[in-house]
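So the sequence lines, in the order shown, correspond to chains X and D. My numbering puts the first residue of the first sequence at 4, with every later residue one more than the last. My numbering puts the first residue of the second sequence at 3, with every later residue one more than the last.
FYI, nobody ran anything at the bench for these hints, they're computed from the structure. Bear in mind that the values here come from a model prediction, so they are computed numbers and not experimental data. Be aware that one or more of the hints could be misleading.
Computed, partial: chain D to chain X, Cβ under 8 Å [as the list claims (entries may be wrong)]:
hint	residue
1	Asp-66
2	Pro-102
3	Pro-122
Don't be surprised by glycine CBs; every beta carbon is placed ideally from N, CA and C.
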Amino acid sequence: MDPPPPRRRSPRYHNQLSNNNSFSSPGKKTNSSSNAGTETKLKIKIKRYHGVAKWTWGVSGFNNDDDDDEDEVCIVCQSAFEGCAPGVKYPGDESPVVFGKCKHAFHLQCVSTWLQSQNSNNPTCPTCRQEWEFGAERTVVDDDAEGEESVDV
Amino acid sequence: MSNQSQLPRRIVKETQRLIAEPVAGISATPYADNLRYFAVSVEGPSDSPYERGVFQLELFLPSDYPMSAPKVRFLTKIYHPNVDKLGRICLDILKDKWSPALQIRTVLLSIQALLSAPNPDDPLDNTVAELWKTNEKEALRRAKEFTESFAMKGGSSN
């Protein structure tokens with residue numbers, strides 16, 4: 004097989020690709036009509052592939068009290084839940100989403116910054132102003148006790 | 003010009019939305035040389051002595067916004083029990099009731115609502131509040147007079 008075409012981000016790339024016979028386009032072949040019936044099968048050799056997966060935090064539709072648009076973003080930073088909190092480089096594990104007992108969701112970094120900045124023994128949820136407690140994960144309920152940092156008032 | 007670090011995405015988004023979908027009777031435009039500083043104008047609500055007035059305000063987003071509230075001040079003189087002579091506003095969401103779920107637009111809507119519903123029991127200007135409680139009719143007359151003298155110039159008072 005021919006070597007792969009040079010990687011070039013230019014319109015010429017496509018021409019080279021089809022000249023290359025890795026992909027034979029039916030249209031092209033029928034021009035040289037001599038051996039019409041014998042070939043023209045699309046021949047593809049897979050040299051490598053990338054698996055692509057899509058993930059979400061499963062937040063949308065959970066914060067049901069707002070309209071749809073607002074569901075998709077963390078109300079504190081106005082960025083998508085699947086995106087990054089400010090100052091975080093990568094989405095996903097580095098920018099996790101957490102729920103309060105009140106079921107409102109935020110990026111962990113966003114809500115943490117807020118809870119600390121309140122300087123209060125009873126910090127509140129940005130959305131509903133109820134006293135904030137971590138908890139209420141959507142399906143996994145395993146660390147109920149963890150969020151409770153009991154504070155003497 | 004003053005390219006202070008980078009403007010947080012949230013401020014960019016809020017600004018874009020304020021311009022694309024402005025709130026009726028309210029405008030907020032950032033200054034080109036400081037995108038955290040906004041020129042604001044609020045129309046007086048029609049059911050109030052501030053009717054037909056246009057009030058200029060300034061709004062500043064501090065460096066830790068949205069963890070702390072925007073700083074807002076009236077530039078146009080106004081006779082109101084919750085606004086002092088320097089234009090400072092007594093409004094809970096600008097102080098202890100601030101939440102990062104609030105935005106520039108919700109703050110300005112609250113200020114507009116404060117014009118419709120003055121609260122002389124939580125005054126910033128005691129003399130105004132006192133008159134509001136003892137002689138509301140006279141207070142409303144003065145508020146209207148202030149509106150006519152300072153908020154209806156036709157041109158902007160900046």
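Taking 8 Å as the limit, does the beta-carbon of Pro-122/D come near enough to a beta-carbon in chain X?
Status violated, d = 25 Å.
Hint status (Cβ of Asp-66/D to nearest Cβ of chain X, threshold 8 Å):
OK, holds: Asp-66/D within 8 Å of chain X, min 7 Å.
Given Pro-102/D as an interface hint, is its Cβ closer than 8 Å to any Cβ of chain X?
5 Å, holds
Going through the hint list in order, the structure does not satisfy hint 3, though it satisfies all others.
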